[in-house]
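So you can see what is in the structure, the chains are spelled out below.
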Amino acid sequence: MSTRLESLGRLIDRSQPMTFTFNGRSFKGYAGDTLASALLGADQMMLGRSFKYHRPRGAVASGAEEPNALVGLGQGGRFEPDQRATTTEIFPGLVAKSQNHWPSLEYDIGAVNSLFARFLPAGFYYKTFMAPPAAWKTVFEPFIRQSAGLGAVPEEPDADRYEHLYHHADVAVVGGGVAGLAAAKAAAATGVKVLLLEQSAHWGGRAPVDGGEIDGMAAEDWVSASVAELEAAPNVTMRLRMQGFGVYDHGYLIAHERVGDHAPGEAAPRHRLWRIRAGRIVTATGALERPLAFAGNDVPGVMLASAMRDYLVNWGVAIGRRVVVVTNNDDAYRTALAFKSAGLDVAAVLDARASVISPLAQAAREAGISVLEGRGIGAVKGRNRVSGVLAVRQQGDGGAGEEIACDAVAMSGGWSPVVHLWSHCGGKLLWDEADAMFRPDPARAPSGADGAGFVLTAGSASGALTLAGGLADAHAAGKAAGRAMGGKASRKAAPKAGAEASQPIAPVWIMPEGAGPAKRAKMWLDFQNDVKVSDVQLAAREGYQSVEHTKRYTTLGMATDQGKLSNINGLAVLSQALSQPIPATGTTTFRPPYTPVSFGAIAGEAAGELFQPVRQTPIHAWHEAHHAHWEPVGHWRRPYAYLRGTETPADAVTREVVNTRENVGLLDASTLGKIVVKGPDAGRFLDMLYTGMMSTLPVGKCRYGLMCNENGFLIDDGVVARLDDDTWLCHTTTGGADRIHAHMEEWLQTEWWDWRVYTANLTEQYAQIAVVGPKARAVLEALGGMDVSREALPFMTWAEGELGGFPVRLFRISFSGELSYEIAVPASMGQALWDRLWQAGQTRGIMPYGTETLHVLRAEKGFIMIGDETDGTVIPQDLGLNWAISKKKDDYLGKRAQSRSFMASEDRWRLVGLETLDGSVIPDGAYVVAEGRNANGQRNMQGRVTSTYYSPTLKRGIAMGLVAHGPERMGEVVTIPTIGGPAIKAKIVDPVFYDKEGAKQDV
Amino acid sequence: MLILECPYCGIMADETELTPGGEAHLKRATVGSTDDAFESYLFDRKNPKGVHFERWRHSAGCGKWFHAARSTTTLEVYGTYAAQVSEPPKELVAKIKKKCPGWEGWQ
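Residue numbers (the numbering used here), protein chains in the order written: chain A, 52 to 1054; chain B, 92 to 198.
Chain A with its partners taken away, still in its complex shape:
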């Protein structure tokens, strides 16, 4: 019987009762309760079912290490699965439900798995699901999908908001127990900037529960005084409900602040992710009590001794009226004494140690508690809750013993320092034989930018498990951290506590040590993932020696609690099975996060529209008003086509292509990269960057250029215009602008830094509009101003002037094969110019066209597109672009690479046109196959299709592709298989399908 007592409960406010529901039933708790304490106070022992065997489970811990008491919290847009009841503060109206059962917590069909436990051993999914192959789809996969996963997935979008926060501190102290407070005080006394964070809603950690005096005060009073002192210090920032969950290189600490979990609503962000840079990080993260591995240690009512003490002292909840304590160390006696002094019955303390003479044990005996030496638990009676234990000799096989009736079991297998944060960034551990634990090795701390260790540990996180020892250690750590950050010397003395005499722990990894197979199959190591002693032993017998492999094979420590309770016990059992000392086995790697962090907190504000801001051209709103079907191009949105009436995008593209070829089209080309390169050495620089010669380009002229990287591969193309004697304007692809600008800067800054050249990326400073088609000139003439005749402005030239009152730079360049002008104006005039052109074109059949029409127009002309014809492995020579490579230059980026044997090979796949015999359109990404098969039995390949479209101009499918010896095979018919359809026959042809002479663009 788990009940709320009239007395005790230092953290609850009985004047503030509140109601909440669990599995639809109404419960009462008090302000200050956790969900676990409130439920336990109402005798709700069973809180969930286990993952694999669906065994009934209750809370085993009282904090972040809890493996069992996971619930689904909240409703609708605020539902979240797998929340630990032990760290969830209750609030009026809280709604929680238990997990992993059907139809109800009490009656669960899945519990039948328990009966088949011997068919679900360690690594069962490697063994059970092997054959027959057909069973995978019909039996195994549905079974796994049915049973896999913990909790339920939220069905609605998250209703809460989250934010990121950046913080800098000289010293960050993680953990607000007495060690953290002492460390923060010592660091603050040196004058440096200190951040102190605590995962729970309360300062002081365990000390107020465990008792003891600090500086002559009760621990609780010392905590209050210390908090007041730190709050008054101007150089200290303090945060509760904030978990420092990960330590990264160079003092980067990430923390998760639960701002609104205890008071949901719109008022505040639910969680905050703190991204902290600290000079030194002091981890005062305490220690976790280890369970003992005895048969039935997972029955609800079996709990860590320290947790049972927490529920009693902090929340006034007695987990049982008659308790058995089982231990191998002194600390659990504190639980026995606390129960006794609360007027509850302690049936016995079973101490695995052969003889117990420590002062705490003596105190228990004096309080009238029966202490049974050399004993352990052989079995736990009861299924849904504890009804008794079988007390047996620890050194026996558990066969015979004495039954003791009880309704709760408090267990303690010793303590493990929380070394996670220390280890995240490479801090090493050593095995402490005396205290049977891994603790940080101060000589091998993770090092920072200055080469010194940047993580220090404080208190029990260092392995200093006594109050006096822990305080001294924490004070020293805080002081050292402050001094390392340039703090001044401080005379502040370490807090003092009385020394405690204690008796050493006796390591117990299996209880009793001679337990047979049946018992070992009921000894849980990892409660959440249902891993037992027998599973780890089986893994060892099957040849698993590495702790990392055993972890993955058995799933030990792989659940949401990341093995906080199971890790050390598991590797100790493995060590025993392998007959080797524990340090020879070692630990698995500790990785962030220490506790689960919400996805919302990780995303912060970067959700919805802020996830990836969209780049818009100055004409964006017009496109939207004219039914643009959008296409993402890099971060830009560009119209793919403009839909009219009931048109499909394909219909619209056909209409736009025909109209542009016959009348005139309007294209928003503002996204095109525009980089100005200027300076006395700009020509020389561009000659190195482009394969062609740019230094000889006359002012007023344009030239098409190709850019390669040092490996010889084509990375970008575009038209270069010479603006004046020492200024060039380089157009890049839409997606290439930032990349090519960075590429230019890299070479300028790191190779040719003595060349006098400046670059500026002016892409967004200009709007650029292409007017394309036979009637383009008429449209421009209607605007008036500049002479746009062939004589005044021939093909591949540019001029500056006024057009319809707009100051423009007018380029006679064409990516369509038609008469074409590209007009650049300051971005702010882009929409106005577009409107004027639109008006002027109304009597000439003007239509806007999108990116797909642009693609079709260029493909009909055999113009390449970076990203279609190129994929990072294609050189200009592959594309028949030798005409754009200067033979006169000694060097350019990529020149040397293009003469490497494989690059110069005649066998490279080269660009050709492909014309289907039946006029159909070849699917995207298709391959051209050759005779025979390769060593893997796959069809041999001789080429691939790079661009394929329906050409409205030619009224048939056209394609470009790279084919082995392609240009020498004109007229040959090749085979192109399709997925699920008949192979397509296509003829190799010239890639220029339309206006081969180029007459139309040069009018």
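These aren't lab readings, by the way, just hints derived from the structure by calculation. Note that the structure is predicted; figures quoted are calculated from it, not measured. Please note: incorrect hints may appear among the correct ones.
As a list, the in silico DSS-like pairs of lysine-lysine whose alpha-carbon atoms are at most 27 Å apart [to be verified]: (1) A:79 - A:148; (2) A:479 - B:140; (3) B:189 - A:479; (4) A:939 - B:118; (5) B:189 - A:946; (6) A:946 - B:190; (7) A:729 - B:155; (8) A:938 - B:118; (9) B:155 - A:479.
Among the chain A residues that face chain B by a calculated CB cut under 7 Å, a handful are [to be verified]: (10) 299; (11) 300; (12) 301; (13) 498; (14) 502; (15) 800; (16) 942.
For every residue, glycine included, the Cβ atom is placed at its ideal position computed from N, Cα and C.
Following the hints, put chain B in place on chain A, whose structure we already have.
The following block gives chain B in isolation, referenced to the frame of chain A:
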């Protein structure tokens, strides 16, 4: 998440502000080089366990390239300096030699 001091801005820049650029002080091989020398320029990198000279760009800051000398094992940063040099500053090399007696040097 490293922090490196940008020698141009003089600020301690978070790794999120920086773009890595691989090994520093490579000598460009080009037209006229042997196949082996050119292949080595393109692909051979020291990838040392220990002291490493590397290129970084303060891409979300001033946009400048700089060099950093850093230990790939301890993450200690020995120093950062402008990219417009063909070898690391002598004082920096001396400092690293003093700290790492067994170090074979930057070349």
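Need the list of violated hint numbers for this structure, in ascending order.
5, 6 and 9
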